[in-house]
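Go by the hints and put chain B onto chain A.
Chain by chain, the residues run as shown.
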Amino acid sequence: MSNAKPKVAFYWCASCGGCEESIVDLAEDILKVVAAVDIVFWPVALDFKKKDVEAMPDGSIAVSFINGAIRLSDQEEMVKMLRRKSGLVVAHGACSHMGGIPGLANFWNKETIFRRSYYTTPSTDNPDKVVPLEKTVYDGKELTLPSFFDTVYSLDQVIDVDYYLPGCAPPRDLILNAVTAILEGKLPPKGSVLAPNKSECETCDRNKTKPEKLSIKEIKRTWEIILDPEKCFLAQGVICMGPATRDGCGHRCINGNMPCRGCFGPTDQVYDQGAKFLSALASILDTNDEKEMDRIVQSIVDPAGTFYRFSLPKSLLGRKRMETIK
Amino acid sequence: MSNATFEPRLVGFLCNWCSYTGADLAGTARMTYAPNVRIIRVMCSGRVDPQFVLKAFKEGADGVLISGCHLGDCHYQEGNYKALRRYKLLSRVLEQFGIEKERFRLEWISAAEGIKFQQVCNEFTEQIRRMGPLNLGPNGGKHE
Chain A
1 MSNAKPKVAF
11 YWCASCGGCE
21 ESIVDLAEDI
31 LKVVAAVDIV
41 FWPVALDFKK
51 KDVEAMPDGS
61 IAVSFINGAI
71 RLSDQEEMVK
81 MLRRKSGLVV
91 AHGACSHMGG
101 IPGLANFWNK
111 ETIFRRSYYT
121 TPSTDNPDKV
131 VPLEKTVYDG
141 KELTLPSFFD
151 TVYSLDQVID
161 VDYYLPGCAP
171 PRDLILNAVT
181 AILEGKLPPK
191 GSVLAPNKSE
201 CETCDRNKTK
211 PEKLSIKEIK
221 RTWEIILDPE
231 KCFLAQGVIC
241 MGPATRDGCG
251 HRCINGNMPC
261 RGCFGPTDQV
271 YDQGAKFLSA
281 LASILDTNDE
291 KEMDRIVQSI
301 VDPAGTFYRF
311 SLPKSLLGRK
321 RMETIK
Chain B
1 MSNATFEPRL
11 VGFLCNWCSY
21 TGADLAGTAR
31 MTYAPNVRII
41 RVMCSGRVDP
51 QFVLKAFKEG
61 ADGVLISGCH
71 LGDCHYQEGN
81 YKALRRYKLL
91 SRVLEQFGIE
101 KERFRLEWIS
111 AAEGIKFQQV
121 CNEFTEQIRR
131 MGPLNLGPNG
141 GKHE
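Top to bottom, those sequences are chains A and B.
Residue 326 is where the first sequence ends in the numbering used here, and the numbering goes up by one at each step.
Residue 144 is where the second sequence ends in the numbering used here, and the numbering goes up by one at each step.
Everything labelled a hint here was simulated from the structure, so no lab data went into it.
It cannot be assumed that every hint is accurate.
Footprint (simulated), chain A over chain B, 3 or more residues, beta carbon under 8 Å [as the list claims (entries may be wrong)]:
id	segment
1	55-69
2	74-87
3	93-99
Here the structure is a predicted model, which means the values were calculated and not measured.
No residue lacks a Cβ here, since even glycine has one placed at the ideal position from N, Cα and C.
Bound-form chain A, shown alone (with noise of 0.2 Å):
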C-alpha cells in the first residue's frame, strides 16, 4: 500500500543548509515521519535528479518543504516546478519566509557583490579578473551557469505558497506540529505561519525583569558589556529584536545568554519588522535633547541591517534603490 503514502519533497535555494539539518535533527521521529510518507525528492540526502520530478504528474507530490531564498534563476525554475507538482508548499526557515540572511544582499546588487566577491576582498588572487559567466565555451562545449539577480526573494515573491515555518532553523516541535497537522489534514487557514501569533517577549522568562518603564541612554553591542544572563536585554541597553518578534522559537538565543535577531518573523498584525522595531527601539530611548539623540542615533551600527537582519526582502522597500548603489 506505499502508494496510498503521501509523496514529499525538500528543496533548497539560497540557504547555509541549516534547514536541510532541521529536519535531520527530528532525530528518531524522523522515522515516524518516513514511516508516513514517501520522500519524493530530496537533493541533499536522495539520489533524485530534476527529470525525476519533471517525470511526475502535475499535483502529485502532497507537500514540499522549500527552504531557501530566491536568488539564482535555476532556483526559480526548481521552485516553479515544485509548485506544479505539489498540492501544497511550505515556505521552510526563515530565508524562504522572509529572504533571511542572503537577503541582506538587497543592499547592493549584483554588479557591486561581484565586484567586492571577485576582484577587492583582501584574500581575492584574480589578475586575470575572471568573473562567473552565463554562458562559456570550453574545448568546443558550451558550459553555462544560472543567472544571479540583482534582488533576492522570499519564496512568496516567485511562487504561491500555503504555509511557512519561520525560524533559522525552524525548531523542531513546529516541524513536527506542521508535518502532523498536513498528515491529518487539520490545517489552519492558507497563508498561515505555523507558530503562535504573538510577541516573543510575551513568553520570555527575562520579562519579570523589566523594569514598568524600559529606557536606554546607551545601545551596547554584546561584546561590549558582561550580560547578565536574567535581565531584559533592552534594560541592559542590548537590542534585543524580542519585542518585534514572533514567538515560538524556545527562546534558543535568550537562553544561550543572547539577544533575539529576529529570525522568526513578525506577527500577523506588521508589515515590516525592521520599521515596528525601530518604533519600538526609538521610543525607549531616554533623552528628550535634540543633541544626545543624534549622539544615541548615530551610536547604532548599521541599523537598517540590524532591524532587517532576517526579513529585508519582505521588508515594505525590499531592497536599496538601485539607482544609488555605486
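The following block gives chain B in isolation, referenced to the frame of chain A:
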C-alpha cells in the same frame, strides 16, 4: 520623466492639535501655496508609525512630511519627542535604503502658524522638484 514636467507627490502627516489646524488656518486665510502635499490627519506626530512613512514611499511618494506641535507644546505631553527620536533613527535607515534624508522632513507648526505651513509646503515642493522623482518601483526599481 523630465524635471520640467515633474510634479512632486508628497505625503504630509499632520497632527490634529497644531499642524492640521495650522494648515486649516492657511486655508481660511486664503493663502496660496504648492498643492503637492497630500495631507493625512493623525492625532499626534507620535502616532506616525515608521511603517506609514515606508508605505508612502513604496506607493509612490517622492517626499514625506511629518508635522506636529512645537516641542513642549504636545497635546499628549511628549508625543512629538517620540516623533523626533523616530525621525532621527528612521532618517538613518532610509539613507541605507538609498532614500536621501532631504526627502523625509519633520517640522513643528503650531495652530497659529498658517504662514509657516505655507512656507514649508512651498519649500519642500521646490526641494523635491529639484531632486527629481524617487522612482521607487517594485523592489526598489528593477526587476530581472
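Against the structure, the hints:
Residue count for the segment 55-69 of chain B with a Cβ under 8 Å from a Cβ of chain A: 3. That meets the three needed, and the coverage hint holds. Given as covered by chain A, the segment 74-87 of chain B passes the check, having 6 residues with a CB less than 8 Å from a CB of that chain where 3 are the minimum. Restraint check on the segment 93-99 of chain B versus chain A: 5 residues with Cβ-Cβ distances below 8 Å, three needed, restraint holds.
Checked against the numbered hints given earlier, this structure breaks none of them.
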